[in-house]
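Novice: Residues per chain are reported as follows:
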Amino acid sequence: MAIKGWIEVDELHCKGCGLCVAACPQNVMSLDMERLTPKGYHPVHLHADGCTGCGICAIVCPDAALTVFREAKIKA
Amino acid sequence: MAIAEPKIVYQRPTSLATRVTHYCPGCTHGVAHRLIAEVLDEMELREKTIGVAPVGCSVFAYNYFDHDYVEAAHGRAPAMATGIKRMLPKNTVYTYQGDGDLASIGMAEIMHAAARGENITVVFINNAIYGMTGGQMAPTTLPGMVTTSSPGGRDIESMGYPVRMAEILSTLDGAGYVVRRSLHDPNNIRKAKKAIRLAFETQERGLGFSLVELLSSCPTNWKLSPVDALQFIEDKMIPMFPLGDYKVNPEIGKLRV
Amino acid sequence: MAKKLYKGNEAFAEAAIRAGCEGFFGYPITPSTEFLEYMAKRMPELGRAFVQAESEVAAINMVYGAACTGKRVMTASSSPGISLMMEGISYIAGTELPCVVINVMRGGPGLGNIAPSQGDYYQMVKGGGHGDYFPIALAPSTVQEAVDSIALAFDLAEKYRSIVHILVDGNLGQMMEPCEMPPMQPLRETPPDWAVSGAKGREKRILSSIYIDPPDEEVTNLRLLKRWMEIEASEVRYDELHTEDAEIAIIAFGTAGRVASTAVRQARAEGIKAGLFRPITLAPFPKKEIAALAKRTKRILVVEMNTGMMLDDVSRVIEGKVPIEFYGRLGGVTPLPDEIYDEIMRISHNIDAPAPENPRMEWVTRLEKILEGEN
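Protein chains in written order, with the working numbering: chain A, 16 to 91; chain B, 21 to 277; chain C, 115 to 489.
Simulated from the structure, these hints should not be mistaken for lab results.
Among the hints, erroneous ones may be present.
[What the hints assert, rightly or not] Under the rule of at most 25 angstroms between Cα atoms (straight-line distance), these lysine-lysine pairs were calculated in the BS3-like manner:
hint: 1; chain 1: C; residue 1: Lys435; chain 2: C; residue 2: Lys412
hint: 2; chain 1: C; residue 1: Lys387; chain 2: C; residue 2: Lys401
hint: 3; chain 1: B; residue 1: Lys68; chain 2: C; residue 2: Lys314
hint: 4; chain 1: C; residue 1: Lys435; chain 2: B; residue 2: Lys110
hint: 5; chain 1: A; residue 1: Lys88; chain 2: B; residue 2: Lys27
hint: 6; chain 1: C; residue 1: Lys401; chain 2: B; residue 2: Lys68
hint: 7; chain 1: A; residue 1: Lys19; chain 2: B; residue 2: Lys27
hint: 8; chain 1: A; residue 1: Lys54; chain 2: B; residue 2: Lys243
hint: 9; chain 1: C; residue 1: Lys412; chain 2: B; residue 2: Lys110
hint: 10; chain 1: B; residue 1: Lys110; chain 2: C; residue 2: Lys401
hint: 11; chain 1: B; residue 1: Lys68; chain 2: B; residue 2: Lys214
Using the sequences plus the hints, can you model the full thing?
Specialist: Right, here's the structure in full:
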């Protein structure tokens, strides 16, 4: 089964620069043209399934706007 | 049965303040800030660190870190850092400087801080342009590059050549760690972070002056999209400013981080 | 404690150490270099910081950084070096940090020469750096007074979070004079609550001279002004010699004041009612005291080793209520007591003459005649 990951976007910090969109290996990120941040930028969002939580988006983000999660399997 | 539980892969470092930066969208100053904050967190240095902010686009850097900070006059950050470090040798002291600040007006201060082997760390942002004043020619502007003060492109006959600071500083015996990295892609950003880590390790071990030159983008003044600006670093800046380790104290060379 | 013979610059340096100076940053320049040399030896012996900087620009910015830690720090230089330091001095003033800057003044402008002068009066007393700020300026006239004024300078700097300038000239820096050193003061153990030290168990601190919003800068300028008014109200210092009944009152500072005191004693010996008022704080300027002096004297003679810089401040205080005359020597020339005595005699013969229309212009005419005679 594919690793499942997801991101949280801090819309106060996201400036919609799109560096994460270009860097995302899964091509599942895009700017949300339906929304504006308090500063007036289109924030990034996940537009499709497939995020693996690799964290590359956070590595390139100049505004530390992304928190990246990954599902970890723990044996009960 | 397996239970799925969320694990945090990446979160904002605590050494970074919550304040939103004034940097333009896509400007890699923010990446450099983040990497410094991550390293200070990892090395647990936040509570003893004093930063020295420059004059230039990163003049407000002190607002973006959650540790003590002072603000220097243009180019004088290494002198100011010297004053702080000599009074508080147990504290961690670093400067954050751009190319105009470090390689033009502050050339004397950076050279002599390195020559003295001053136990400070310098994060040097080279984006080949004056950002804050609106895109004038910097000492690191590439030959032929158009800026507002070299509107026909930097003419090497009358305006001279760009300055390669990492190479120059590495010739000084007081330097313990001098490298050049780039912020244009995830792999290089990882290497940049490791270099910043090693620069602070150099300081913590008392091995002399440490500097990480970071090739950085200025989408606004380069008049490129944030993504194209990263491509510009790769295509145009790296050939002029080769990435590499210019001086590494053997003790740091052996370190695995 | 017994008096000991000291060279001026070395005495100032030892006094700074005893006042608790923990960091000295400087650059060699005549006639202040012995200060740096003394510090180079003594500071490391005591485990304190000494750096010979690459320039005066770097030196003052090291002082700036060091001052951010709340410890007692200083530099010493001479006129051209002080000009280079003006950038850092303005930043230190804007960041409201305490520090002490000693100027062992020499002849100028430009490279000038290395002889004693008071030509940096405006630069040291009025500020010299850019922006709206007020330095405290002390002008001792003997090695002993300079030694004592250094501890005072550090105290005032800390009390008001202000830069304190000490103006001496090459005479004081270079002369050998007996003086008594104060005892060694203990070093401050805890930093002040504004200093940077690492944000351990507290909010982070930022020390900066930036107030990017003009209304914030306006409030800052106002705060600096109000602090300055407090300094003006409580920190004026001066010395007087025979001024209580003086008909001719000399106003002079530093070396010029010291030379004038000899002339005043000489005149008194001959029954001429001369006196000397010597400002010790040039900033804050002893305005009230000089205004009071003007009420009880017949004529004022300002003596300086410059073209009449303090003369302007004296004139502003006197407002034409009593005639003012001026005598100055320039370019690194120190006046002799006889020259000032001659001025006292000239004035005493014309004590009721109308006030000179322009004291500076009339002095130029007299000085040119003197120079003709000297050559």
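Novice: Now tell me, hint by hint, if it's right for this structure.
Specialist: Evaluated hints:
1. A C-alpha spacing of about 10 angstroms is found between Lys435 (chain C) and Lys412 (chain C), which places the hinted pair at or below 25 angstroms, so the restraint holds.
2. Pair hint Lys387 (chain C) plus Lys401 (chain C) holds up; C-alpha atoms about 23 angstroms apart against a cutoff of 25 angstroms.
3. A C-alpha spacing of about 7 angstroms is found between Lys68 (chain B) and Lys314 (chain C), which places the hinted pair at or below 25 angstroms, so the restraint holds.
4. For a cut-off of 25 angstroms, the pair hint linking Lys435 (chain C) to Lys110 (chain B) is broken: about 61 angstroms separates their Cα positions.
5. Taking the CA atoms of Lys88 (chain A) and Lys27 (chain B), the gap is about 9 angstroms. The hint holds against a cut of 25 angstroms.
6. Between Lys401 (chain C) and Lys68 (chain B) the CA atoms are separated by roughly 47 angstroms; this puts the pair beyond 25 angstroms, and the hint is violated.
7. Our distance criterion of 25 angstroms between C-alpha atoms is met by Lys19 (chain A) and Lys27 (chain B), whose separation comes to about 11 angstroms.
8. Distance check on the hinted pair: Lys54 (chain A) and Lys243 (chain B) sit about 22 angstroms apart at the alpha-carbon level, within 25 angstroms; holds.
9. Distance hint between Lys412 (chain C) and Lys110 (chain B) is unfulfilled; the C-alpha atoms sit about 63 angstroms from each other, more than 25 angstroms.
10. Proximity of Lys110 (chain B) to Lys401 (chain C) is assessed by CA-CA distance (about 47 angstroms); at most 25 angstroms being required, the pair is judged violated.
11. Under the criterion of a C-alpha separation no larger than 25 angstroms, the hint pairing Lys68 (chain B) with Lys214 (chain B) is consistent with the structure, at around 20 angstroms.
Comparing the model with each earlier hint shows violations of hints 4, 6, 9, 10; every other hint is respected.
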